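Participant: Following the hints, put chains B and C in place on chain A, whose structure we already have.
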Amino acid sequence: MQISRDILTRSYQAMRTIREFEERLHVEFATGEIPGFVHLYCGEEASGVGVCAHLGKTDTIASTHRGHGHCIAKGVAVDGMMAEIYGRRTGVCRGKGGSMHIADLSLGMLGANGIVGGGPPLICGAALSHKLLKDNGVAVAFYGDGASNEGSTLESLNLATVWHLPAVFVVEDNGYGEATGSSYACAGTQKDRAAGFGMPYFECDGTDFFAVYEAAEEAISHARSGKGPAMLHVHLARWYGHFEGDAMSYRVNGEVTKERSERDCLVKFRQRAADVSLLEASVLDEIDAAVKNEIDAAVVAAKKAPLPEAEDLTRDVYVSY
Amino acid sequence: MSKKSFRQAINEALRQEMRRDPRVIIMGEDVAGGRGGTSGVQDAWGGVLGVTKGLLTEFGEDRVLDTPISEASYIGAAAGAAATGLRPVAELMFVDFVGCCLDQIMNQAAKFRYMFGGKARTPLVIRAMYGAGFNAAAQHSQALYPLFTHIPGLKVVVPSSPYEAKGLLIQAIRDDDPVIFLENKVMYDEEEDVPDDPYTIPFGEANLTREGNDVTIVAFGRMVGFANQAADRLEKEGISCTVIDPRTTSPLDSGTILDCVADTGRLVIVDESSPRCNLATDVAALVAEEAFDALKAPIRRVVPPHTPVPFATILENLYLPSVEKIEAAVRSVAAYRVKEEV
Amino acid sequence: MSETITPITMPKFGLAMTEGKLASWSTPVGATVKAGDEIADIETSKITNGYESPAAGVLRRQVAPEGEMLPVGALIGILADADVPDSDIDAFISRFNESFISDDSGSAGNDEPTRKVTEVENLKISVQESGSQHDGIPLLLIHGFGGDLTNWMMTQPALTETRRVIAFDLPGHGESSKDVGDGSPVSFATTVAALAEVLDLQRVHVAGHSLGGAIALELAKTHPDLVASLTLIAPAGLGQDISMTFINGFIEADRRKTLEPVLQQLVHDKSLITRQMIESIIRYKRLDGVIPALKTIAETNFHDGRQAFPLRSVLETYSGPVQVLWGEQDEILSVAGSEDLPDAVTVIRYPDTGHMPQLEKSPDVNKAIKNFLDSGNS
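In the order they appear, the protein sequences are chains A, B and C.
Residues 1 to 321, numbered by the UniProt record's numbering, are exactly what the first sequence covers, in order.
Residues 1 to 342, numbered by the UniProt record's numbering, are exactly what the second sequence covers, in order.
Residues 1 to 378, numbered by the UniProt record's numbering, are exactly what the third sequence covers, in order.
The following block holds chain A by itself, in its conformation from the complex (with noise of 0.2 angstroms):
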């Protein structure tokens, strides 16, 4: 398949954008500075950003707690985004959301969620939205392995489907919910759970850029074209716990490892780019440096940026009271 030099640019950017945020805030987090629970996205880039690919800023996804990079897949500014993980009056939430509640309605970020399965059914909403107001839109749920088995996430697999709803189901399966595998976790499969709703059903290696990017076309073009929802299955590991903090004892010693060895989604970027001459090596060496600059910047001013005020607490509660 074709992919226009542009997207490959913007994407490996947003991937290395995402690496360059999860890895600082492991860092960061390390010294007791971010108040809060922090989930990373390490080592799942390649399905955010290889879905988001297709959507504009009339679409719209709804996320997990697990969220970042769901956030700046879709554009929403990294240095809003880390000033309201440090809790700040500058973060994109004015800091009252925080690492899990990360969202930008003008860009159709409908939320990083707290509460697994919180998604699907926002996004059965957003989808009859883009329906009604036939702006040509499709609304897109990430949810994990975990929250697949939420009953508001089948609920939602149904009415989307009785709807006939422009949505794409995004099962983004990492292997564990929490501490838990989801081979005990999860009975039957992703795959016969869409066959039982009637709905097309797509899997990939989501650390395979590539491979994320044609399967999302595929789903979302058979959303927008108003043949109803779809799901697509994506597999990935998580590189680091299920929060900041998870010493991960459920996890063999060298599972992560070697993950980060063999399937870390930016090195088999670099190389398919490499090996059929998309981009240059010089290219992307370029997007590397302005990252770290970009997110080093981010740092440095969420950690000046002002505290929220003492009237901030009771602010934005109703929009009219």
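Errors might be hidden in some of the hints.
As the list claims (entries may be wrong) - Pairs of lysine-lysine residues, derived as BS3-like cross-links and limited to a Cα-Cα distance of at most 30 angstroms, are as follows:
1) C:221 x B:3
2) B:325 x C:21
3) C:270 x B:236
4) C:221 x C:178
5) B:53 x A:134
6) B:236 x A:134
As the list claims (entries may be wrong) - DEER-style ranges, computed between Cβ atoms:
7) B:196 x A:320: 24 to 32 angstroms
8) B:317 x C:87: 43 to 51 angstroms
9) A:6 x B:68: 41 to 49 angstroms
10) C:26 x A:317: 51 to 59 angstroms
11) A:310 x C:310: 56 to 64 angstroms
12) B:277 x A:317: 16 to 24 angstroms
13) A:317 x B:57: 38 to 46 angstroms
14) C:331 x A:89: 48 to 56 angstroms
None of these hints come from the bench; they were simulated from the model.
Nothing here was measured: the structure is a model prediction, and the numbers come from that model.
Just so you know, even glycine gets a beta-carbon here, dropped at the ideal spot from N, CA and C.
Facilitator: Using the frame of chain A, we list chains B and C on its own:
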């Protein structure tokens, strides 16, 4: 202006708002009814008690959406649609079913604006029936408005008459925040004059349905009518009552309640929801905290016992507050005199 | 024997009244009264009004206690000569009550008003007609700013006895459409003329209150052939002053507590403003489009706190009869507006009366209109 039932008033509010704004849609279980049936009859029910009857015919199936019996998905969908440009009115049928979709209301719709730093608008209305008096027993009779009142980010409306219902529902639909609109199922056939044209009644503005000097009665929803009856009977005994219908439990017009208690010094609260952490306790706490010096008698609450709603008529009647129970409570606070200190 | 006993019954104020509350007795038992003396205050859902004795005599009994709600026609008191024995009165009361059947529909007969919505130049206009069985020139009633056709509740039934009477809600008011155009008297007068055409009225007596007075003047200017006579009650257009406290307060006040003092400016006897009257105005103001309509009217007519449309000159050119009725304590439009009018204009000023003499002094106003219309104009 013509006489309209509570049911017609709500239907008319929905119809007029759907005509005014194409973004207003309704969804719920059997809000039309009949899809997939063998007779081919559409709009077979128009809601389980006929409240949304006729809307499918006028607005079509894109805007009157029957849902599977699947509350988590469609209440969540209503929240998602509200956040992305539509103005959905979702019907939860019986409010007791909130157990199947509380996450979508409590953790999603209610929280968007605050946790997204004031950048979200969620113009969502969830209509649901509440209340005992229908022999519908424990899972179809609860008065759960305290549950929603407890959740910041939600507005909660408990209309007390057809006139109130129409104006408050139109206000709810035009409001940019998520609103829980609770209809007492026993009141659907109650009638009164309701203007034909659209109108709005603002939230957080209590209505004084009676004004008197001796005792303040605060009552919610269907209990307002009970309180009015009690007040009219007590008037003949020489006890004059103010009856406050707060209209919305969130926001709550605490100013009007405190003003009236300052005038009368005696307070009875009538609330048909379960007695622990309900609106009666909330109002009692407010008055105890803010108007302690004005009180001339202990606050009395007329509330059900702390039990599920029973089935048998005799038990259900015992369960609910009644005009007689309100009268007795008012008499007792009216007669109360502070003991002289020894 | 019973000729000397006069029953006093619950009156019917306004066309819609079916019951009333005896708010208070103003005459003690045993007092001698003349016909026309006020003997009680009757409270209806709309208004509290003085009830005048229908005959002369001694008030022998107050059958209805204060605070009692009774249907129209029910016995509330007994008037009789001092020498009628108590036993006769007791017998009369029990006979009356045995035979009394509350029957609202029967008592109203042909005078029962019809209310309908008429299409006038793409506007819905709510019209209430009564007395259509009478020949002669009908009377058209035009209410004022923020009012509606129920402002004539004491006027329309009384004048319907001999005449077809048409009251209606102006655009922006009552149950009519809320589009008021530019809100000027000219624009309203155009609608009124169109309404007359729709109702097939070639010639009408016009009574206008307040802003409705200015509209009536404008109508007389532009459609002199339509207007048989003018009755102007506390009209706009003759003076310059206007109480902006009232106009702005009426627009802005949205709660009973804040609206009550505003409405009290309308009357001299402040107790006339009932809870229900306040409630019905709050309900009106909640209707879609009302606040913008009122703001437009206020902005157009009362810009800079003064009346924008002087219409005194109409009285120089209009050839029909004109009478002006005004309360001396009018707080909205000063009674000074009734001074220095052309000699041909009949002017009646009512003492202890505010801006709404047709409510506050309804028997006098009804008499004035009736006499005026009957004195050769009809």
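Participant: Hints first: check each against the structure and report whether it holds.
Facilitator: Quick rundown of the hints versus the structure:
1. C:221 x B:3: violated (41 angstroms)
2. B:325 x C:21: holds (28 angstroms)
3. C:270 x B:236: Judged against 30 angstroms, a Cα distance of about 26 angstroms means the pair holds.
4. C:221 x C:178: holds (25 angstroms)
5. B:53 x A:134: At roughly 27 angstroms apart (the allowed maximum being 30 angstroms), residue 134 (chain A) and residue 53 (chain B) satisfy the hint.
6. B:236 x A:134: violated (62 angstroms)
7. B:196 x A:320: 24 to 32 angstroms: Since the Cβ atoms of residue 196 (chain B) and residue 320 (chain A) sit about 27 angstroms apart, the hinted range of 24 to 32 angstroms holds.
8. B:317 x C:87: 43 to 51 angstroms: holds (49 angstroms)
9. A:6 x B:68: 41 to 49 angstroms: holds (42 angstroms)
10. C:26 x A:317: 51 to 59 angstroms: Since residue 26 (chain C) and residue 317 (chain A) have Cβ atoms about 55 angstroms apart, the given range 51 to 59 angstroms holds.
11. A:310 x C:310: 56 to 64 angstroms: holds (58 angstroms)
12. B:277 x A:317: 16 to 24 angstroms: holds (20 angstroms)
13. A:317 x B:57: 38 to 46 angstroms: holds (39 angstroms)
14. C:331 x A:89: 48 to 56 angstroms: For residue 331 (chain C) and residue 89 (chain A) the Cβ distance comes to about 53 angstroms; the hint holds.
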